[in-house]
Amino acid sequence: MAIYINRDTRVLVQGITGRQGSFHTGQMLAYGTKIIGGVSPGKSGQLVEGVPVYDTVFAAMEKELAEASVIFIPASLAKDAALEALDAGIKILVLITEHIPLHDAMEIMAAAEARGATVVGPNTFGLVSSGLCKIGIMPNRYFIAGPVGVVSRSGTLCYEIVGHLTDNQIGTTTVVGLGGDRVVGLHFIDVLKKFEQDEETKAVILVGEIGGSAEEEAAAFITSTFSKPVVAYLAGRSAPPGKRMGHAGAIIERGRGTFASKVKALQEAGVAVAELPAEVPKMIDSLLPGSN
Amino acid sequence: MKLYEHLGKKLFFRYDIPIPRGKLAESATEAAEAAADLGEVVIKAQVLSGKRGKAGGIAFASDPDEAYREAKRILQMDFGTAGVSKLLVEEKLNIEQELYLALTVDGTTRRPVVLVSLDGGMDVEDVPEERMIRWPVDPSIGFQGYMVREICRRLGVGGELEKEFASLIPKLYRLFRDRDAELTEINPLALTKKGLIAADAKLTIDDDAIYRHPQLPVISDKTTLELKAEELDLSYVELEGDIAIMANGAGITMATLDMVQHYGGEPANFLDFGGGADTKKTAQALELLLGTNPRVLLINIFGGITRCDVVAEAFARVKETRGIDLPVSFRLVGTNEAEGRAILQKVGIESFTTMDDAVRHAVKLSRAS
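Protein sequence lines, in the order shown, are assigned to chains A and B.
Convert by adding 807 to the 1-based position in the first sequence; the result is the number in my numbering.
Convert by adding 5 to the 1-based position in the second sequence; the result is the number in my numbering.
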């Protein structure tokens, strides 16, 4: 099963001729992702890693319909590319690009909502249904199939935790990177809803950080609706108040979004909160069916 | 990027949002001259600190002599990162009621949100939720008349005040959208006999959209080092401790800081040099960090888009050219790990594979040195 994407998901790569676009097309193909085309205005007729390149998303879709598209386009041009994909009928849009202006992101989200499409990111590593389909930039070898769903706000920290799982022979169903920006398409709750319905997902790891209220909202959802065990790891315990720590979201304001408030909310929802990334595998293992 | 009040008000003026009559002064003499012109005045330090009022950076003066004295006092104040170089001298308003109006970006609804309250002023953060009306606006529709009617219904106001809001909110919304603002806040929004007047202006422009607004001046309350990091496109924050930290990705950098504290060490900084940096950028980040004279250097790399060999190469280059004579704890795993490890060995550095080991070692080194 897995969520959002699977073995049959057909994927376009927008910005396929660029340095990142071409490199990650190769990586995704190596993982087994079904990439049916790339888009790069003015470059039609070329092949990248054996994938045909088209001038527009519409041209690619005339050839074969894709469900998903991943965008490797510079921030100043990303809105145009995203709206093009949505208008052409793409249903899962993955925005890898960092530094997309907030107002552009809000317009993209409104357009996606109106068209019933899902946006992952911006500023995300993407998502992967382990062993089936990877749409993003994460290192292939850590994502092996198994019973754990993972949803994360940050990239490298998520690799760190999934890496610990892999070292302990624990695999994943789907791993979703929400993205580090203030306006992103998916929140913890959206992904938890999907994991709740996915029979193969037996437990979930939530990787959060200070700033915003997404973890608190997730906690409320877990209390009311979510039936599977959850382990959380949160970054930012040591962050001094009022200092921005990189992600647009990682800012502490007005007493909300603090480390303490998030830990408290999650613990009250019955979530096991890990102190260190390396503790996560043992904690999740003890919560999986068949363990004591 | 935060804008000074006087720049915010300049923008308000362009969007026809009513502001008090006022003048910018750079000396006590200029403030006194402004007061001679304006009558009873309020003198406001032009600083980015949010606690300006409570710290004494705002004063009233009823004549030019008093304006001179107060201006002189405020110009000598220190707001942490910066002194005061400019004052805004404005006519004192006869305020009947202090209201609140803001537009900001709401991550939860992914939309611009209008915030309106009849309880503006210093303690607006404590206004109960039901007295702070929040109205998310679909940016593809924009701000419409019915939204004002609904906001006013919820506030329980009508008549003249509703007309004032109907004129004011669309202007603020336009400014917010046109100028790529993250925040446009008017607190207090003064209700006077002449209608609503923006007594203050707090504007923050989205850093990622600054390139679309070349006419804006560059304003920063960052330290020199933080500014240098910004030039290099690094995410850097100075802290108090002695273990310098460098990692790739905001989340894992924060987690590294947390773990240093967990094991009893003190981070000297937060430095995220991003994903996929080349040798040059990595070397620059390293040099910046070494320039802060930390006691111990901790590097934590989980290479995905970042390549271990590139980071190791940058480290080796800096070690050979500049010299790195402080104790180093290096964690290196991920893309091209073996190559990276070999490069480090050549310059005499043994790397760790787990974050735990590297952090513990760094804390031990910080105690020994």
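If you are wondering where the hints come from, they were derived from the structure by calculation, not from laboratory data.
The structure presented is a predicted model; accordingly, all values stated were derived computationally and were not measured.
Keep in mind that a hint or two might mislead.
As the list claims (entries may be wrong) - Here are the computed distance ranges between Cβ atoms for each label pair:
{"hint": "1", "chain 1": "B", "residue 1": "Gly163", "chain 2": "A", "residue 2": "Lys850", "range": "55 to 63 Å"}
{"hint": "2", "chain 1": "A", "residue 1": "Leu1083", "chain 2": "B", "residue 2": "Ala373", "range": "50 to 58 Å"}
{"hint": "3", "chain 1": "A", "residue 1": "Glu1082", "chain 2": "B", "residue 2": "Thr197", "range": "48 to 56 Å"}
{"hint": "4", "chain 1": "B", "residue 1": "Arg179", "chain 2": "A", "residue 2": "Ile951", "range": "27 to 35 Å"}
{"hint": "5", "chain 1": "A", "residue 1": "Asn947", "chain 2": "B", "residue 2": "Val352", "range": "41 to 49 Å"}
{"hint": "6", "chain 1": "A", "residue 1": "Pro881", "chain 2": "B", "residue 2": "Leu188", "range": "20 to 28 Å"}
A virtual CB, placed ideally from N, CA and C, is assigned to each residue, including glycine.
These are the hints, each one checked on the structure:
1. B:Gly163 / A:Lys850: 55 to 63 Å: At 59 Å between Cβs, range holds.
2. A:Leu1083 / B:Ala373: 50 to 58 Å: 23 Å, violated
3. A:Glu1082 / B:Thr197: 48 to 56 Å: 55 Å, holds
4. B:Arg179 / A:Ile951: 27 to 35 Å: 51 Å, violated
5. A:Asn947 / B:Val352: 41 to 49 Å: For Val352 of chain B against Asn947 of chain A, whose Cβ atoms are near 30 Å apart, the range 41 to 49 Å is violated.
6. A:Pro881 / B:Leu188: 20 to 28 Å: Holds, since Pro881 of chain A and Leu188 of chain B (Cβ atoms, about 26 Å apart) stay within the stated range.
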